[in-house]
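> Starting from the known structure of chain A, fit chains B, C and D onto it as the hints suggest.
4 protein chains.
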Amino acid sequence: MILSEMQFRVRYAETDQMGVAYHGNYAQYIEMGRTEWLRNLGFSYKKLEEFGVMLPLINLNINYLKPAKYDDLLTLKTTLLKRPSARIEFGYELFNENQELLTTGQTTLVFVNMKTNKPIRIPEFLLKIIDQTIATSS
Amino acid sequence: MILSEMQFRVRYAETDQMGVAYHGNYAQYIEMGRTEWLRNLGFSYKKLEEFGVMLPLINLNINYLKPAKYDDLLTLKTTLLKRPSARIEFGYELFNENQELLTTGQTTLVFVNMKTNKPIRIPEFLLKIIDQTIATSS
Amino acid sequence: MILSEMQFRVRYAETDQMGVAYHGNYAQYIEMGRTEWLRNLGFSYKKLEEFGVMLPLINLNINYLKPAKYDDLLTLKTTLLKRPSARIEFGYELFNENQELLTTGQTTLVFVNMKTNKPIRIPEFLLKIIDQTIATSS
Amino acid sequence: MILSEMQFRVRYAETDQMGVAYHGNYAQYIEMGRTEWLRNLGFSYKKLEEFGVMLPLINLNINYLKPAKYDDLLTLKTTLLKRPSARIEFGYELFNENQELLTTGQTTLVFVNMKTNKPIRIPEFLLKIIDQTIATSS
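Protein chains in written order, with our numbering: chain A, 601 to 738; chain B, 601 to 738; chain C, 601 to 738; chain D, 601 to 738.
The following block holds chain A by itself, in its conformation from the complex (with noise of 0.2 angstroms):
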């Protein structure tokens, strides 16, 4: 449901001492593939955030199946998991440059309006995008 490609290399700072980029890195990671995502509807987290919402998480789940060694270009897929309301889920996918599957993701995140703090609807515009997008792809 609306899919987005990103490509990065794993830098020499993201290994940790097995050698391999380190579990923790990926929060980082599939962040840039939802920045991604937001980029290609046309839209950038930026924005968002001047419009005075954003985007805490509430989940963030990792499986690692392979690791991603350092200078390795990494291919990350990030998916729309469902119509998103007060929350909005994703899905990740990363490969490495022989397409094998090294780790899978999900995160949960919610809208939040920075004046008051509290967890607000998605904003209508952004929904109007996302439901546009997915009738196009469909």
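One or more of the hints may lead you astray.
Pairs count within a copy or across copies, as identical chains cannot be separated in the list.
Straight-line Cα separation of at most 25 angstroms, PhoX-like style, residue types lysine-lysine; simulated pairs [said to hold, decoys possible]:
no.: 1; residue 1: 647; residue 2: 669
no.: 2; residue 1: 669; residue 2: 715
no.: 3; residue 1: 715; residue 2: 666
no.: 4; residue 1: 666; residue 2: 728
no.: 5; residue 1: 646; residue 2: 728
no.: 6; residue 1: 666; residue 2: 647
no.: 7; residue 1: 718; residue 2: 666
no.: 8; residue 1: 718; residue 2: 669
no.: 9; residue 1: 669; residue 2: 682
no.: 10; residue 1: 677; residue 2: 718
no.: 11; residue 1: 647; residue 2: 677
no.: 12; residue 1: 718; residue 2: 646
Hint data in this document are derived by calculation from the structure and do not stem from the laboratory.
What follows is chains B, C and D alone, placed relative to chain A:
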């Protein structure tokens, strides 16, 4: 089932522009919890790696209930979720100074022989320490 | 000139595939040193930001003499290099448990009014505390 | 003296509560610059480590002129400061999309034999590539 507690402060470096501890850093926080949990058994993760055994994650799951802020003094409680065999599972609860529960988490790790890079069962000496500690504390 | 000491352990997350603490993490380490230096004056950087003053860096300089390793218990010594005005300069020395000097560093920070985003002189109340502490300790 | 350019976006994870890219992350940024500089020579840092040579830092020096913000598309220019021998020195300039110079930096690294953990001179094959590239570009 064998509880370990530790405290630490949120670093400025760990904040993001939402003004709270960045969600990705909790992977580091709960890892410190595991490290101290092992140290409390009279063991250390460092020694485990020196014995040729490492403990990569296969699953990370974190629920974010309330944010932690810069310089907050947090208390992390780490518990063993069940008697380990090929896998070891931990649960985590993170509290602020007002005893508010901020975050819960679970991780599943596997024992891996660093030479062969293959999964192994938990080393006997470590299982013995765990069994003795469970027996003593019940 | 006003010395503050603190201790911390190298996190697994902070290692890289050279098997040592990643050099980029020392910026976080010495920042903790500044935070504790301020706390020792009976003040906190958190309060400073609440007063509308922030302290961005304009220079970071670190010399790496020997590596720090995972789980090493490090001692960080932070000193004020001179009486602050528009800038505040700190020096840092990092030691391992064998009292080996691992790293030296210096940082220059500026006082900035968070509303105007302009540089300002050090707030009077903070300069007073520093002057009193210098007078007492000499 | 041999210039390499690369672009990247500031990650959300890299911001701090000042609302800008955290100063400590620039060590990672300029490291990416070195990595791409080497790749542009037809070489890679990954291969260098596979040959048993690593390049730890002995000095890091960064000047912060203007902040970088979340999602900014930055351009990093990396240059070799002089012909390397036992040490290799790089200079860095970081620009935002408005061609404003945000940051300058320098690093000094040493060549180390990973088996003996002792400093060595730059490997001959790498020096040859550098000399040829300098000759070609002048």
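> Each hint should be assessed against the structure and marked as holding or not.
We went through each hint and held it up to the structure:
1. 647 with 669: between (33 angstroms within a copy, 13 angstroms between copies)
2. 669 with 715: between (41 angstroms within a copy, 17 angstroms between copies)
3. 715 with 666: Classified as between: cross-chain Cα gap 17 angstroms, same-chain 42 angstroms, threshold 25 angstroms.
4. 666 with 728: neither (38 angstroms within a copy, 30 angstroms between copies)
5. 646 with 728: within (18 angstroms within a copy, 41 angstroms between copies)
6. 666 with 647: between (35 angstroms within a copy, 21 angstroms between copies)
7. 718 with 666: Result: close only across copies, 12 angstroms inter versus 38 angstroms intra.
8. 718 with 669: Between. Shortest inter-copy distance 17 angstroms satisfies the 25 angstroms Cα cut-off; intra-copy 40 angstroms does not.
9. 669 with 682: neither (32 angstroms within a copy, 31 angstroms between copies)
10. 677 with 718: neither (30 angstroms within a copy, 28 angstroms between copies)
11. 647 with 677: within (22 angstroms within a copy, 28 angstroms between copies)
12. 718 with 646: For residue 718 and residue 646, both the intra-copy (19 angstroms) and inter-copy (24 angstroms) Cα distances are at most 25 angstroms.
Checked against the numbered hints given earlier, this structure breaks hints 4, 9 and 10; the rest are met.
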